[in-house]
Amino acid sequence: MVSTPTKRVGDSAGPNGPRGVSAASTARGSDQSPGAQSMKKRNGIQDDLARRLEQDFKTKHLGVLGVLAWILLLHVAGIYFFTKGFLLTRMVLDNASSCQVLPFDDASTQSHSTPTARHGGNGCWHEKSFDKAVVIIIDALRYDFTVPFTPTEESDSAHLFHDNIPVLYETAVNSPANAFLLPFIADPPTATLQRLKGLTTGTLPTFIDAGSNFAGTAIDEDNLVAQLHSAGKRLVHLGDDTWQSLFPGYFDANLTHPYDSFNVWDLHTVDNGVNEHLFPLLRPENRTQWDVIFGHYLGVDHAGHRYGPDHAAMAAKLQEMDRVIRDVIAALDDDTLLVVMGDHGMDKKGDHGGESSDEVEAALWMYSKRGAFGRLNQQTLLPPQHPRERSVPQIDLVPTLSLLLGMPIPFNNLGSPIEEAFVGPKGNNWANLVSVNRLTSAQIKRYQHQYAIARGAGDDDESLSLWSAAEEEWKIASKSTAKSTTVRASYDLYRKYQRHTLDVCRGLWARFDVSNMIEGVIILFAGIAVLVLYARGLKADRTELTPQLLSSICVGSGLGAVAGAGLALFGLTNMALLDMSVLLAALGGIIGASLALVKKPTNLTLPLPNGMWGWLSIFFTVSQSIGFASNSYTIWEDEILLFFLTTFGVCAGVSSMRQKLTTDRVLGVYHSILFVILGRVASFSRLCREEQMPFCRSTYYASSTSSVSAPWQLAIPFLVMIILPGVVRAFYAGSKSYEGAATLWIGFAFRFGLLVASLFWMLEGADDGEWFSLRKENLKSIRVFLAQLVFAIAFGAGTGAYLYSKPCVSISVNKPQPDDPNNPPAPIIAGQQQQPRTTVTILGFGNVYGTRFFFLVVNFALAIILMQKPMGQGAIALLVCQILSLLEILDTNALTLTNSAIGPVVLGVLGSFYFFKTGHQATPSSIQWETAFIPLSTIKYPWSPLLVVLNTFGAQILAAIAVPLTVLWKRPLKTHDRDSPSSSSPSSKPHNPAAKLLSDVVQAACTHLLYLATINLATTMWAGHLRRHLMLYRIFSPRFMMGAAVLAIVDVILLLFAVTGVRWSILSVGEIFGW
Amino acid sequence: MASETASPTVNSPSSTPTQAPVEKPSTPPVNILPSPTARIYSLVHPALLLTLCTLRFEALVADPIRELLADLPWLAFLQITYVLICLPPAGTTPTEASFPAPTDGEDKKKTPPRSPSGPGVTLRPGKPGLRRKQLAGKHDFAGVWAKLMPAFLSLSLTFLLATPILAVLLVLFGAPLTTHNPETVLCAAHIALLCATALVYVHGVDGYVWKEVWGISRPADAVWGSALGTGLGAWFGAIPIPLDWDRPWQAFPITILVGAYIGYAVGSLLSRTPLLYGKRIQFTPVEDEEGEKKTN
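Protein chains in written order, with our numbering: chain A, -15 to 1059; chain B, 2 to 297.
Since the hints were derived computationally from the structure, they do not count as laboratory data. None of the values given here were measured: they were computed from a predicted structure. Take the hints with a grain of salt, since some may be wrong.
[Stated by the list, open to error] With the C-beta cut set under 8 angstroms, the calculated list includes, among others, these residues of chain A facing chain B:
hint, residue
1, Tyr153
2, Gly595
3, Ser616
4, Tyr617
5, Trp620
6, Glu623
7, Thr630
8, Ser639
9, Arg642
10, Val660
11, Ile661
12, Arg664
[Stated by the list, open to error] Using C-beta positions, here's what the derived DEER-type ranges look like:
hint, chain 1, residue 1, chain 2, residue 2, range
13, A, Lys584, B, Thr179, 44 to 52 angstroms
14, A, Ser139, B, Thr82, 44 to 52 angstroms
15, B, Leu161, A, Ala776, 50 to 58 angstroms
16, B, Thr82, A, Thr136, 47 to 55 angstroms
17, B, Phe58, A, Gln303, 36 to 44 angstroms
18, A, Ala878, B, Leu73, 36 to 44 angstroms
19, A, Gln369, B, Glu59, 34 to 42 angstroms
20, A, Val157, B, Thr179, 52 to 60 angstroms
21, B, Leu73, A, Ile707, 38 to 46 angstroms
22, A, Thr825, B, Leu277, 49 to 57 angstroms
23, A, Ile610, B, Arg67, 54 to 62 angstroms
24, B, Ser157, A, Ser139, 42 to 50 angstroms
C-beta: ideal position from N, C-alpha, C; glycine also.
Let's have the full structure, built from the sequences with the hints guiding it.
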């Protein structure tokens, strides 16, 4: 605690030069003069004033937080409306097929005349082929895993994932009547939950399905499991517990054994569990206990997520699956159907979720000991070499399995029966083939009719004509005796009808609600307009405007909400009540805010940049926004951001060359060069997206087909630990600020935290490479402890340090001996007798605000570094260095005090750039889900999603935290003018320099938001505009989702941490140096 | 307040304060020589370069390395011809004569051109000597020598200094580091010939001028306009590279080079118009202007 005199000294030190690294000043000794009485009074008034200024600052701080919170709500509302119209929806019909009702319109007549209508023991709708079935899902079984490797070019060589599960191919080739193997194409999104829905209901996934079902709610559509259950079959489920949330209560409780599906680090628990319970059930004595077993193996998927496909662990896992399938075959009886399939594939790194070829190309294999399968002709005898030949959509499994087991086809099915399963061992059972296709077509027709009614639209004419043509052919074929060609023709027509309907539905469910999308865009656009006005168009102190602004926003939003509710209640609009009031509240708030901002025209300036830096900021923002209209610029965003950053660095160097002061010039040029080089070094860390191939080489992991780090990369965390604290220290030392808490926090705590993080990643590497013979569980618990320790340092101790530490200054007082002959005579100033001079030296005075606030960046950097893979840790360390260089550039080019837009905008560019450098891309499959398990061993809400966010958007979060520094770094200390007789009128509102500082911080924060909001609006508009574009789901839609997520997250970070954190920074400076 | 003498300008010879050159132009814009040949060729030269660029474009797309290498001597020859015919060599401009020594001592570290001629001091006495000779009498030999010497200097500096600097800059802007190295270096050499040859020929190793060059604060003239135009052209030339048009000319150095050539011609011609001649790019203050930058 610093004593009062020293504090007074600090006060008078205020007007010293901005870059003064030390300040010497005078102080009066203890009060012994005759004027002591009046001085005490004066002090009292001063203290009172300081208290009022402090209170004033705190109030204003809360006010600006309110404004930021409103901006966040506005963005969320805009994104909500757009998303509502953009993400596709499908109506879910409750109808269910039943055994007694055939799908034909004239069911009563048909049921007598066809043999297919036999009910009871032989199955409904169609004669069953099998009594029982074992359905095995090998999660992420890609098609090319199952077929022998054949090089397409000279240079091709087999990967580790090739030729390890040969049983499927062998059986299909050696005994075609017993088995067939086909490519099995998934409908994206290729997430297991979505796939299981498709595989059991036969419908196409839409976004809203994805949205509403991520919580894992039960399937309420008609589906295969429900049909089996209602037919009284005993169902067993083993493995992935997603099934339990989708089909609660359908499985035999005694025999079913679900396992946690999300722990991707664990390759064996689920698989061993399935094996343990599957094989006993296959024994003859237990065969009567069940009818259908669903076994879901996760090892292959987890090996892919954890190691990537081209890894020995994957080879071992596939070989294990090979043995499992052989064992199952051996244990099978004649009446049981065996199905093995992948629910999706995996991309080059072993992840999935998107719609790239590798992700959607799974394998399907069916086997029966009885020899029930056939081929239509000899060319199709061998399983196709390439996954796009003779592939079947995954929904085809639904009618196939239903009819083979004698079940009705689920009502919403759009799939077709797979011909190999129905054509008979000789490949000539046309009657059967046509019969199942007619049934399937009829069911599809019934479904389409119901859907059209529910939607209030007519049936599709082309489908109807195809259907009637097929029926005509079928009638002729069923009467005539020489029917080979007509039967074939009717089969072809039924198939054509089914596929046509599938195409129609694909188009139908790509139906966007344009009006909702436009509403969202309008809110986002108006939000940007207000932000432009607030961030760049105000001359006045923003904090002074806050009360008015907030009250107009409240009035506007309130009126809007009421009006919206009224409109909805009186039926004047067909929007839902909540939507209508949210929409009008958002618009009302925007109008209120605009009115409050433009009320005093004297406060306004044209929000156009003056000078090169302003134009450069606009150029970066706008050109990038325009670029998102092109898929190429979206794909190559990382390279373009590097180009922009280098451009900024060169501009900064040029501008530094123009500085008049040599120190400014040299420092400016030095940091510009450093900035450019650091950016280029960081650019070597890349994770390529599929579309960048072949012009890109991934370096983020050991290889492009892996998701573990190379051993040499494990050195990066240690290098970061050694270098990064020293670099931060050097920047502090530049302003002599490496004092006080800085020595402890940066020199020790930060370094220690980084050391623990590097140990964590070394153990992780040891686990991956199996270097130690330690048990996996022990290793895991040590790692969890280390990771939690880092979090405790960063967010536990770090927050404490941030809240309570003093500014990074060191104050030393030299009191001369009273009778020191060298002591100059006490000067007489303002008629007061001065006491002997006391020299006070304050080190670190030139950067009090900046160094104090930077602690927050250090805390977040530590946590974010822990959450990145080793390569990403190097990238984040480079980001910290680049941020510091940027701050020095801003300072030497006099951009800190002028509130230039360039600082916050370049921070935005840096955030986006390092998003790519930490192993991410704007694709869903690049999300590193496994990082949720860094400090936890199981999924825990809400922490697990937050951890993934910290990993994914770590760079943007860190950049956002640093935004206040663009005005705080090396900001000269300013306190209220003590000499002015402000004390004489204590009631009048004193000028508060802290409020000006706060206003500048908010301006910087809003400028940063402006950059991100513009990017978000651009990606939103392009996604909406290009909604029929071929690349929508691969490129534009993921980029839109990323932009929206980044905007919302940075809103929250600025609100909760960055701008909030400024409070303690300024309070602690005020406590020492006064207000 | 830190003193401005603190760092590299220690041997500043006169009392000229360091900030003077920024406020006051050290060297006025350079005019094309007044002779009719010079005036005509100064217009023909950019057109000639563009024609060359157009004619060789297909060959460039087909085999960039070979074509760039083969064109390099020709480009060097054309540039030297241009400066010999059209521009006054370093040390002969009347203004520089009237503005004596103070320039040279400045900012050695920023003026790489000094190094090949050994320690800084030796060259300086030579230059006034040349100047005197030139002024004394227009002997053929002296006149030719006064031109050839800077021409040789400019060529060697272009290759020895400007090319590596530009190559590094290209890489910093995102040119591949592990592959395409010949392309990068050749591209840098072409850009260096376009922008640096005339600058060195006209200004020699004048520290003030080079500081203005690094600060992009030279007044517009044919020399500076073409240099800046080359940089801007190359910068804009990078834009089409990522597009998925699958054209062979989108390969790495081609668009940048074509941009540089176009920028050279446009900058060289535009900067001579009365509208721009003598104007400077303003950075911070009132004037808005110029987002832009150097190569790539």
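Worksheet item: Any hints this thing doesn't respect? Which numbers, in order?
Response: Numbers 1, 13, 17, 20 and 23, in rising order.
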